Amino acid sequence: MFSSRIAADRLTGKPPAGVVFARRGMAERILFHALGWTLLCLSLREAVPAAWAWTALPIAVIFGVAADLSGLRTLTAALALIAAPLLIRLAILAISAAAGSDFIVALDNGWVLTAPYWYFTAAAMLFVRRRPALGYAEAAVLALFCGIVLARDDDWRAAFSAPATAAIKLVCAAAVLVLTALCFAASRRGSAAQKAGMGPPPFRRPDSSDIAHYIILAAALALLFFAGNKMRRESSLSSGGGVLASDLFHFDFNDVLSLEPEISMNGELTMLYREDGPAVQRYLRRYTLSGWNPQRGFFRDGEREKDFPERDAMPVSLPKGPMEWPHAGFETREQVHQEYYLVALDPNSFFALDYPVSVEPWVIWDDASFVRAYAVESRVSIADLWDLYGARTSGMAEPDRSYYLEGGDDPYFISLAEKVVGENKTPWSKAAAIEKWFHKEFYYSLKPGLAADGDQLSLFLKETHRGYCSYFAFAMTRLCRAAGIPARVAVGFVTDPSVSTLGFVPVRADQAHAWVEVWLDDHGWITFDPTTDTMAPGEEYPIQFISPDEWLPLIEEALTRRGEVSVALDEEDDTEENGGFWNSVVRLVRHRPVLAWIIVILIPAALYAPGRIVPGLIYAVAAHSRNSRKRVKARWKMFARRLIRSGNAPFASETPADWAARVWTSFASAGAANPRTENSARAAAELVPDTKTSTVPNAGPHAGPNADPHAPDQVPSASPGGSAGLSGFEDWTALYLKAVFSPVFSKQDSEVADSAAETVRASWKKQPRSVRLRSALGLGWLGGLPW
Amino acid sequence: MVGMRFRQTANRPNNRCHAAGRPAIRAAAISFFHRSSIFLSTRRAASAALFLAIFLVISPQPCHPENAETPDELLAQVDAAVDEESYTRAIALLEQGKELWPGDFRIPMRAGDLYKRRELYRLALAEFQAAESLSPGDTEILYEIAETHGYLGNNTIAVETLEQILDTAVGENFRIQIISDLSWMYFKTYRMQEGIDLLESTLSEGFDRNLAHTLGTLYSGVYNREKSREWYELSIEDALSYGDDYFASVAYYNLALLEFASYRFDRARAEALNSLDLRSRAGGNMVIGELDMMAWHLSDALESYKTAESLDHTPLTRVDMAVFYQRIGRLDEALRIVQKIIDNPDASWMYHFGVDKVRFGMDISEILADCWAGKAETEKLTPRAGFINRCKSLRSRIVWRAKARYHERTYKKLGKEYAEDLERKGNHLDASWNSYQAAEGYPRIALVRLEKARELETAIMEAAVPWYDLEDGWTSKDPQSLLKAIDAFGADEQNPRERALRGLSGGIGRVTPEAIRDESLSVLYQMNPGGLRQYGLSLPIELTVTGPGRSSLRRKTRILLHRSNHSVHRPGEGGPAAAALTVSSADDGECTWYIAGPDGRTRTTAKSGNTVRRKETASILTELLNGLYLTPVVLTGGGDSRESGAASAGTEP
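Top line first, the protein sequences correspond to chains U and X.
Under my numbering, the first sequence is numbered contiguously, ending at residue 787.
Under my numbering, the second sequence is numbered contiguously, ending at residue 1440.
In isolation and in its complexed conformation, chain U is listed as follows (with noise of 0.2 angstroms):
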């Protein structure tokens, strides 16, 4: 029947209405489809022929639209439809065949792995465009298929890093789901007018409230986005070790110790630093993590964490310009300079040896493959056993001490510490007990399992004896301040130095560590590492390599650019050297995740504050006002401001009157559009006579053509439009000028005018849905009233 009806229009020479609208859709219909097309072939892409991705899509459209511009009944252009390409295909295999052409065998590569996905874009743009509705079903499944590729653990990561991987699945995210809601309502207005048998409502310019929808829309994914990217970052601890999380295009590192129940490992290069001399392990300490308390465990204290007691606590993020820090003049330390180029990382991230004592930001060339590069002189400790046997840990503050001896109290620790330092005396020679402790008895395992009560640290210490880094540095830290050693955690990378070429040594992700640092007198922060190299019973570490495809020309381009590097100054414009707004956005999100809901909240709420919030409270105020004249005012205009965002505002000439008399009539002719209001609508128009004679009494000079003034007091009545018009708004304005403009205004014609105006209200809770939301959305800028 519905295909009869397209031909039925194609011989009057008119498109059909759903058509009409189905085009109005097919611009972001394409676009998911396009979207999709995009995902699959990315995960395809080393089977798909790249000229099959660029062109299968449009012919699958086109395919899609001549079936429909075919005139054919639907089943008959269905089954084109899906002959079509097969035909196509046996042509060009009998003449392969014949030319004895490979051709055929390039195409398939293309069309076996893809052809559902083409038959589906071919359908779509068949059916949906006879038949809108099914512009849903459309949607629908396309959101569901980008949701399982987006949401599979693919091998994207051949192409993009790890983070720019998850932050391009979170841009798709946002998309698909703009998009979805984009074809959806298509959909609705497509299958709208297919049901009113009505064309397209003519083009009109983008208003306030148009502008209101794209905003809220905007900061709708904006939330989602920084949602997306808050739960990712949580879930990316996972797979970074459990100590380094992903952000938007980059790692950076947890400023809390958790411990995971699992973790994997991922070995993306991050970094590349570089160092004269023999290569040697290297601790990169990107954070120390000192603060301890029961319910978060080892986080970093801000301003707490120093490197000795006289010093300022040292920077999180890298240093605008070039910076020094004093000496602390412990002994055994030697100077080692080191120069860092972040590929994968966050540019901010500071990483030295501990500890620093210079840092030379530089500012590199614009096309670098490195996020940031920059030089650090550290002081590092090369004191050995005779050194530190003696050393104690009397000099540090009494402030101090206690706060790095925080969580050292609880008893199980301390008799645990008992038992493990046994006849040890001195700090050092304790803390190694410790550490040797941890080594001997316990396994590496990236599987520590989840503890039933939720105490990971429990089941590591008093069950498993299995964890991975954070575990064991957690432990000997508890451990040493039960034993009365002030520690800490540091987390950062540790190094290979069997991979080095030219000084130049490659940093991965999974190389990312935990460690401890205790405290000696005269010798500063000493670095243990309890992590055993013991592997768990039957578990196999996952060895990680990166091709020397990958960095090698990383360091040709240091060595080839270095000429073009200058030492970054202090004034410099954050915003270019950090990559702008954005970049500030996301360290905002990043750092202060309640101060950015914050703002999101707030910009929606600048937006309506002038047009809405403000006029609004002064009129609720008032339509409680116990001056019945102020209170009809009050609510007539509230009303009257409504009516105008939803796009019926009053011309300049026109009286109230006038007005309230055009609003009715056009909201009873869009009554009679809308099929679910077309009977009462019809039954509106045919009483439109009377309800121009059914007015108020004692209305006031400019109540309208239909006021007379010389008629009785009476209750009007609600209009005979029904739900098709605005019922009752006529009399309601004819009250709201009395109470204007009339010496007299009574008790009865308050009431009259609330009654009417609770008539008003429920005749406009039956118009369209579409109308009442965008009038709910409406900015109101534009919401004044002329008179």
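No lab work stands behind these hints, which were simulated from the structure alone.
Bear in mind the structure is a predicted one, so any value in this text is a computation, not a measurement.
Any given hint might turn out to be false.
Unchecked claim - Computed cross-link-like contacts, DSS-like style, restricted to lysine-lysine with a CA-CA straight-line distance of at most 27 angstroms:
id: 1; chain 1: X; residue 1: Lys1127; chain 2: U; residue 2: Lys447
id: 2; chain 1: U; residue 1: Lys436; chain 2: U; residue 2: Lys462
id: 3; chain 1: U; residue 1: Lys169; chain 2: X; residue 2: Lys1190
Chain U is already provided as a structure; the job is to place chain X on it using the hints.
Just chain X, lined up with the frame of chain U:
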């Protein structure tokens, strides 16, 4: 076997039959390995000695760049900095030197050398070119440029440069070095005859075992097996006379590959054992493993592979093992090994084996395609009871089938690229063969390619004929060709025979006469029971149920087997290839399940109650079928493993 396929740069492989793959020339790559390890090691030793000498001379002196008043002093300081691994300082010194003495070519030359030794070839090339612009026509610099181009894969430029300096090079050793490199580059660019002419004329002036070895490799590239063998043997003889065991071991290994590629498997084994006698290297063990796989001595093959794996720094042996496990139906194990290979993105080893990423990708894709398709087929033949279990099974089959299809298509795409590359180089035989493989599934196109390859190869190697019959039989679905191939295969060629039997058993469709099909299936089962289900083949099952509750048990069992695509027959009606499933229910409520192969030998048993539910019945049947379709492989670790392995694998069908 796949490890060998990696090195098939000069001859055609047979990837589809994996371990039954065509014997192929691996000499090319191995000789490259040999070349890079022997030749370069000599050069490195000389360089190291030079550096040591310089270090000893200059080490007591302070290294302050500002004190360098001549380029020689500066270069001495650079060397000292390099010895101290202070590369930043060394590079800074060189940069400073370039500014102070811009006309001295030695400074960029030293910088180029520094970068080249650390595989920073682009930087090295730029420095060498800068040096050449300061000293035009300098043969040493041009040689370095040529070598660096070679490392960067610019083979044509490397050849041109080497040709340019060949006539002007001064010093016999340097000239030999250029000739050696040039002849190797001729091999890489498939200009075999030019390489042969050059080496023969050089060798006529005086013998050099490195050159002789390269000449052997070049002859193998043009399929002149006798000449190739002759030159290999000469180089081995010379190496042994000088006590160079390592060289001789590598050369023996290359000789083994040559024999393998010539279908002379007994001689290949002898040469591989000679190689192992001199040095236990991964390559030698791998060849032995592949020969065992070819002869279907599965346990021995696995043992050799494991030994090779422990010595191998490349994934080549692992690929061989993955193929091995895939062939005997241990698909999860094969997938696990492949995943391990994929997890390591370091492809630098390929450089020394003449393998490129396309070829490697083809092999990995093929294994994955076979494994996933095998899993889907096996699942199809696995009894599942209950709606949810059947839905899960269906889902798994769809997913695995899709994965198989994806890897199969990846294989075809890469195969096409690879064939086109070989064709460009002028290696028509390998190009035809790879093109044939990429066109599998398109019989008309594939047969054209196969015929071309057959024409080229059988003209020089008669022993290749049955291998082409095998391929022809599979592609054209012709049982007669398969039977012909089976008759022609030698005792050492059990691996291709297994593939031919698979085709006759139903692999090429039901075009084979029923009697031959049953016979082939029975023999195939004895040879490789684990290899049946993954290709969609199964034995007919004769079902016998006795004891109380037998009708219910029989019905359940029959339904489950039917649904899992098994053909169920009454006793004696299943034909010669039928397995016998006996369910014996006792009065005490205990039920015993036996399953026996076509030879009547019980493969596995299970016990249950006689009132088992359908789900339990399904799991019992699954267990029994897994036992029935299991290829036994026994790792003995001793010298007698060969016999036990052969017995366990049920060879000599």
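Okay, the hints, checked on the actual structure:
no.	hint	in the structure
1	X:Lys1127 with U:Lys447	holds, 19 angstroms
2	U:Lys436 with U:Lys462	holds, 17 angstroms
3	U:Lys169 with X:Lys1190	holds, 22 angstroms
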